[in-house]
Structures are given as structure tokens and as C-alpha cells.
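Visitor: When we follow the numbering used here, the leftmost residue of the sequence shown carries the number 1, and every step to the right adds one.
Read the hints as simulated data drawn from the structure, not as lab findings.
Hints should not be assumed to be uniformly reliable.
[Claimed, not checked] Have a look at the derived ranges for each label pair, beta carbon to beta carbon:
1. 62 to 103: 14 to 24 angstroms
2. 56 to 127: 38 to 48 angstroms
3. 56 to 213: 42 to 52 angstroms
4. 91 to 139: 25 to 35 angstroms
5. 213 to 116: 32 to 42 angstroms
6. 262 to 91: 30 to 40 angstroms
7. 73 to 34: 14 to 24 angstroms
8. 238 to 132: 24 to 34 angstroms
9. 210 to 56: 44 to 54 angstroms
10. 164 to 268: 38 to 48 angstroms
11. 160 to 268: 37 to 47 angstroms
12. 132 to 265: 35 to 45 angstroms
C-beta atoms are modelled at their ideal positions from N, C-alpha and C, and glycine is treated no differently.
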Amino acid sequence: MELFQYPYMQRALIAALVIGLAAPALGIYLVQRRLTLIGDGIGHVALTGVGAGLLLNRSPVLVAVIVATIGAVTIEVVRSRGRTSGDLALALLFYGGIAGGVLLVGLSDATSANLNAYLFGSLTTISPADLTTIAVLGAAILVAMIALRPALFAVSHDEEYARVSGLPVRTLNLLIAVTTAVTVTIAMRAVGVLLISALMVVPVAAAQQVTRGFRGTMTAAMALGFFAAGSGVWVAATADTAPGASVVLVAIASFLVVAVTGGIWRALRRRVTPSSVPAPEPHEVVLR
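Can you build the whole structure from these sequences, using the hints too?
Guide: And the structure:
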């Protein structure tokens, strides 16, 4: 714990905790919409923004926010108009994004270390300005996801019902797309573009094993994401491992523990349900 006396480790921990809360809060809507891989696709597009920023000698994070937002809006427009399947649009984002990113990074003067910092995260290099950006945008994502929960759930569950109910379906869909792009971008320095999707999905999958109802699942997923982020940074500090990978592995381990524990609990409950108890013998009727 002595490492957390240093400011750079304190910044790393705070940034990870913010993202650990924000990522599952958004991820539950992506899971509901069956778009669990969209984080990976937008992450690859964000990599193109990083390459463009390095090539143009501009802020890679700022350029990545712009490029990732454009990519997220594009895929949402394509998906809503039905001109091609969501899977095909995601595949185009995957391959085109990472190819463009690698090409632009190669044309710039950046080294492989610069690229790895965005691919796999580099929590210990987060500056005070980076932390401020992560905290402000992360808080905005949390507020939006929680305040608009009924409307976002309706859109994610059944767009036609939401449209008939008078909800602004297109605006809400674009909001989810843009917040996904922002979440991926602010998480680049923490867990990396190749791992952020796991932090969006795995806590939600774990929460679904033991909760009922959307609100309970969302709360449990945020708690698990917070735990995974804090524990992952602690593991990285004590074992000298990569922080981003440590956070994701702790999240996966939490999923396994919750899934196994939940399975055992459900099995025990089935053994003691009333249906398994033999019916009592009928009372004898005594005739007088």
C-alpha cells in the first residue's frame, strides 16, 4: 500500500474507479441491445484518432474523441436505417479502424511504446489534466445513464414500443452511441482500447447471474465494476503487472465467482422448494 502514497498512483486509482463505475452503467444498455462488441469496434476507430493526433502533432485523446464520436454516430445511422446488419457495420469498424490507426501511427514519429499505452492502457502515466477530463466526462456519463434510465431502458428493450410511447428514439439512440464513444476514449489511458469492452460487459454479465430487474442489475454491475477497478489497480501495484489487464482479469474472476456461487445457491433452493416435499397424508374420516 506504500505505492499509493505517490500522486501518480493516486491518480491511477481514482481514474480506474471512475471508469469502473461509468463503463458498466453504459454497458448494461449495450448488453440489452445485443451490441456487446460495439466497444471494441469504436475502440478501433478511436485508435485511428490516436494515430491522426500523433501524426498531426495534436492531442491524441481529443482527436480520438472526435473520430470515435463520428464512428459511433455512423454505425448508429447505418443500424437504424437497416441498410446493412449491425454485425457487418461492426466488422467494418473493427478492420477499418485498426488498419487506419496502425497506418497513421506508422507514418508519425511515435514509437511502439506510445501505441501500446493506448492499446493496453497506461494508468501510471495519467496526468492531472487527464484525470480531470476522465472525472468530468465519467460523471457526465453516470448522470445521463442514471437520470435517463427509464427512457434508455425502453429504447434498448423495444424500440417500437418506445416510439409509440412518444419517446425520442433517434435522439436516445444517438446518445447511447456518443456516450459509448466518450467512454471508450476516456478509458484508453486506463485499460486500453482493446480491453475497455470487457469492463463494459463482464460486470453486467456477472450481475445478471444473481439479480432480478433492470435497476438491481445496473446497481450490482456498477458495484462489481468499482470493485474490479480498485482491486485491479491494487493487484497491479503489488504484483507489478499491467493495470488494465489486471482490472479486466479481476472482473472476469468476479464473474466466475458470482456465477459459481449463484449456481450453487439456486441448486440448494431447488432442493428445498415445496414441490420437492411429499404431500401430507389425507386425514381419515371417522364415521359415527
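Visitor: All the hints need checking, so say for each whether the structure fits it.
Guide: Evaluated hints:
1. 62 to 103: 14 to 24 angstroms: holds (20 angstroms)
2. 56 to 127: 38 to 48 angstroms: violated (20 angstroms)
3. 56 to 213: 42 to 52 angstroms: Since residue 56 and residue 213 have Cβ atoms about 47 angstroms apart, the given range 42 to 52 angstroms holds.
4. 91 to 139: 25 to 35 angstroms: holds (33 angstroms)
5. 213 to 116: 32 to 42 angstroms: holds (41 angstroms)
6. 262 to 91: 30 to 40 angstroms: holds (33 angstroms)
7. 73 to 34: 14 to 24 angstroms: Holds, at about 19 angstroms.
8. 238 to 132: 24 to 34 angstroms: holds (27 angstroms)
9. 210 to 56: 44 to 54 angstroms: holds (48 angstroms)
10. 164 to 268: 38 to 48 angstroms: holds (43 angstroms)
11. 160 to 268: 37 to 47 angstroms: holds (41 angstroms)
12. 132 to 265: 35 to 45 angstroms: holds (43 angstroms)
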